[in-house]
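So the protein sequences, as listed, match chains S and C. For the first sequence, this note's numbering gives the first residue as 0, with consecutive numbering after it. For the second sequence, this note's numbering gives the first residue as 0, with consecutive numbering after it.
Mixed in with the good hints there might be a few duds.
As the list makes no split between identical chains, a pair holds if one copy fits it or if it spans any two.
[Unchecked claim] As a list, the in silico DSSO-like pairs of lysine-lysine whose alpha-carbon atoms are at most 27 Å apart:
#: 1; residue 1: 90; residue 2: 179
#: 2; residue 1: 61; residue 2: 238
#: 3; residue 1: 202; residue 2: 75
#: 4; residue 1: 259; residue 2: 144
#: 5; residue 1: 57; residue 2: 332
#: 6; residue 1: 202; residue 2: 162
#: 7; residue 1: 267; residue 2: 5
#: 8; residue 1: 267; residue 2: 144
#: 9; residue 1: 179; residue 2: 5
#: 10; residue 1: 90; residue 2: 335
#: 11; residue 1: 162; residue 2: 260
#: 12; residue 1: 61; residue 2: 266
#: 13; residue 1: 267; residue 2: 125
#: 14; residue 1: 202; residue 2: 57
#: 15; residue 1: 238; residue 2: 90
Simulated from the structure, these hints should not be mistaken for lab results.
Number of protein chains: 2
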Amino acid sequence: MPELRKDPIIGRWVIISVERAKRPDDFAKENGGPPEGECPFCEGREGNTPPEIYAIRKFGTKKNSSGWDVRVVPSKAPFLRIEGDLGRRGKGVYDVMNGIGAHEIVIETPQHISNLADLNEEQIAKVLTCFVERTKDLEKDSRFKYVLVFKNYGWSAGGGRFKHSRTQLIATPVTPKRVKEELIGARHYYDIHERCIFCDLIKQEIEEQSRMVLDIDGFITIVPFASRFPFEMWILPKKHSCDFYNLSFENNLDLARIIKKTLLKLKKGLNDPPFNLILHTAPFKRKKTGYWKTIQEDYHWHIEIMPRLTRVAGFEWGTGFYICPIPPENAAKYLKEIEV
Amino acid sequence: MPELRKDPIIGRWVIISVERAKRPDDFAKENGGPPEGECPFCEGREGNTPPEIYAIRKFGTKKNSSGWDVRVVPSKAPFLRIEGDLGRRGKGVYDVMNGIGAHEIVIETPQHISNLADLNEEQIAKVLTCFVERTKDLEKDSRFKYVLVFKNYGWSAGGGRFKHSRTQLIATPVTPKRVKEELIGARHYYDIHERCIFCDLIKQEIEEQSRMVLDIDGFITIVPFASRFPFEMWILPKKHSCDFYNLSFENNLDLARIIKKTLLKLKKGLNDPPFNLILHTAPFKRKKTGYWKTIQEDYHWHIEIMPRLTRVAGFEWGTGFYICPIPPENAAKYLKEIEV
Chain S
0 MPELRKDPII
10 GRWVIISVER
20 AKRPDDFAKE
30 NGGPPEGECP
40 FCEGREGNTP
50 PEIYAIRKFG
60 TKKNSSGWDV
70 RVVPSKAPFL
80 RIEGDLGRRG
90 KGVYDVMNGI
100 GAHEIVIETP
110 QHISNLADLN
120 EEQIAKVLTC
130 FVERTKDLEK
140 DSRFKYVLVF
150 KNYGWSAGGG
160 RFKHSRTQLI
170 ATPVTPKRVK
180 EELIGARHYY
190 DIHERCIFCD
200 LIKQEIEEQS
210 RMVLDIDGFI
220 TIVPFASRFP
230 FEMWILPKKH
240 SCDFYNLSFE
250 NNLDLARIIK
260 KTLLKLKKGL
270 NDPPFNLILH
280 TAPFKRKKTG
290 YWKTIQEDYH
300 WHIEIMPRLT
310 RVAGFEWGTG
320 FYICPIPPEN
330 AAKYLKEIEV
Chain C
0 MPELRKDPII
10 GRWVIISVER
20 AKRPDDFAKE
30 NGGPPEGECP
40 FCEGREGNTP
50 PEIYAIRKFG
60 TKKNSSGWDV
70 RVVPSKAPFL
80 RIEGDLGRRG
90 KGVYDVMNGI
100 GAHEIVIETP
110 QHISNLADLN
120 EEQIAKVLTC
130 FVERTKDLEK
140 DSRFKYVLVF
150 KNYGWSAGGG
160 RFKHSRTQLI
170 ATPVTPKRVK
180 EELIGARHYY
190 DIHERCIFCD
200 LIKQEIEEQS
210 RMVLDIDGFI
220 TIVPFASRFP
230 FEMWILPKKH
240 SCDFYNLSFE
250 NNLDLARIIK
260 KTLLKLKKGL
270 NDPPFNLILH
280 TAPFKRKKTG
290 YWKTIQEDYH
300 WHIEIMPRLT
310 RVAGFEWGTG
320 FYICPIPPEN
330 AAKYLKEIEV
């Protein structure tokens with residue numbers, strides 16, 4: 000019997016289609032993409048990107064030259080522009096504003112390595128440090144409400160022509176809809192229970208174990224109960240925290256470790272599939288308003304990883320109704336058993 | 000300057016990325032899919048599908064034999080099962096219910112034609128009649144709240160191995176999230192303005208003309224102001240109506256005409272791209288509750304058509320934040336000029 004499961008945070012129903020269940024090796028393979036050419040993100044080609052905004056560099060090396068570990072540059076084809084004001088306005092029944100924002104690229108390694116999973120833990124920790132530092136800087140700009148940190152790995156996940164491992168940061172003047180829904184859902188739960196819904200969910204996952212993939216130091220990796228995609232995974236800090244950007248240096252290393260292991264499981268277990276990785280954390284401006292006081296208690300940052308193994312059945316776009324062709328418990332069992 | 004536009008109904012922001020604007024012939028082509036084999040949906044192969052639930056047939060022909068115009072059969076691999084009760088239950092913090100529902104296939108022509116655009120208007124009107132008749136029948140089942148009517152055309156839009164033109168009907172025991180958001184958004188607008196938001200939007204589109212593609216009889220085709228996808232189109236009845244299933248026979252033919260012309264524009268103008276088509280109408284159970292009285296005034300049925308021309312940049316899944324690489328006004332101008 001298929002099951003309908005509800006995402007407890009935003010209330011989205013998902014069909015867990017056990018009848019159509021596939022084995023992990025039934026899933027589609029990556030499409031490839033165009034030929035790569037000379038990569039502008041490799042060490043020694045710093046002149047081929049816009050000038051760097053931030054970098055973690057070896058002592059004594061110069062900006063926009065070799066000798067860096069992680070490097071942040073503006074996007075060459077930004078979705079949003081940094082200069083100008085928001086100009087919020089109405090057009091009859093419609094709302095519109097200028098496309099103000101920042102669009103930055105975190106180049107995660109000086110070598111031409113494509114998968115974050117293949118970097119060492121210290122290197123991944125440096126990448127996380129860049130997320131923190133850049134976001135703290137962008138937060139100073141009063142026009143921005145949110146920074147989206149996301150990775151498109153592989154051509155069919157929206158990755159670019161060059162396979163060099165990198166993550167995108169987009170600062171937006173609005174809170175993205177899905178983030179807002181999570182905030183509202185978490186708030187609603189807190190209003191009733193006076194507990195964080197993510198903390199309750201973590202507790203239940205640790206007790207049940209059936210969707211648990213990894214439990215290391217202060218973090219867990221689970222396959223979510225109402226998975227939208229086969230082998231979807233979430234990484235959550237076990238201790239309550241609304242704000243990714245308060246990561247301590249120690250936690251940073253622990254998080255790097257679980258990210259590496261989670262992505263290695265994906266790579267080894269599912270033949271290096273394309274995936275998207277997205278960081279969900281509390282929005283900006285929170286400290287300046289009364290909102291901050293409650294959001295500290297009701298929201299819980301986490302990372303969502305969505306492998307792109309199936310064609311997207313189109314109606315999911317238009318309905319918000321997802322069909323997952325493998326039960327999350329089976330996906331978790333499979334991933335748990337992959338040695339990394 | 001790129002623009003941020005807000006969908007006035009559900010409040011989703013979209014980046015209209017003019018800087019990255021592409022010409023219509025820059026968009027990706029269909030991927031193909033596996034070889035087809037002998038099609039089970041063609042006339043004369045009725046034994047290869049499950050027995051029919053409903054059909055429009057030539058007078059005197061027998062069930063499950065030749066002589067039909069449109070034929071409805073259960074899906075061979077249903078997402079949901081028709082037998083059983085809902086069994087709604089909690090699992091700690093989670094909600095779950097049995098995967099009860101109906102999953103039917105409307106075979107739109109006895110010939111092996113793949114694109115609905117290539118059927119004649121009378122045939123398309125018969126297809127619409129099947130949507131109405133099947134939905135009215137499914138509505139009698141008190142377990143169901145909604146019928147999703149959607150078409151996946153082309154392999155990369157989630158279409159099946161056999162290219163024979165067909166539409167899927169899924170009856171669900173829950174209202175899909177996106178439909179619910181629309182209902183809530185429309186209600187909210189009505190509470191303030193005492194007018195239907197769709198009616199206001201239609202009025203504005205007719206006045207502005209810049210996003211209008213077709214205006215025939217009682218229907219219009221527009222490119223929506225906050226398009227998520229390049230060349231997205233909506234078909235709306237100009238006269239207020241919440242319920243697709245109240246279509247009169249005359250309107251049925253008019254709707255068939257505008258659907259045909261809209262899809263022909265897509266086919267001719269964009270090299271027969273894959274697309275999804277989804278019908279949005281008011282949910283069931285509405286007549287039985289006080290809700291029906293207001294929904295009649297605040298909701299407005301429509302059809303959404305989403306061509307699949309771009310790889311889906313992954314973070315859109317996780318954030319509900321879309322980037323459309325062509326301004327809706329340019330898309331509308333291009334589509335308007337395609338002769339059909």
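Quick rundown of the hints versus the structure:
no.	hint	in the structure
1	90 / 179	both (24 Å within a copy, 25 Å between copies)
2	61 / 238	neither (39 Å within a copy, 66 Å between copies)
3	202 / 75	neither (44 Å within a copy, 40 Å between copies)
4	259 / 144	neither (29 Å within a copy, 43 Å between copies)
5	57 / 332	neither (42 Å within a copy, 53 Å between copies)
6	202 / 162	neither (38 Å within a copy, 47 Å between copies)
7	267 / 5	neither (30 Å within a copy, 41 Å between copies)
8	267 / 144	neither (37 Å within a copy, 42 Å between copies)
9	179 / 5	both (18 Å within a copy, 14 Å between copies)
10	90 / 335	between (52 Å within a copy, 22 Å between copies)
11	162 / 260	within (21 Å within a copy, 42 Å between copies)
12	61 / 266	neither (35 Å within a copy, 54 Å between copies)
13	267 / 125	within (24 Å within a copy, 51 Å between copies)
14	202 / 57	neither (42 Å within a copy, 62 Å between copies)
15	238 / 90	between (46 Å within a copy, 23 Å between copies)
Of the numbered hints given earlier, the model fails hints 2, 3, 4, 5, 6, 7, 8, 12 and 14; all others are met.
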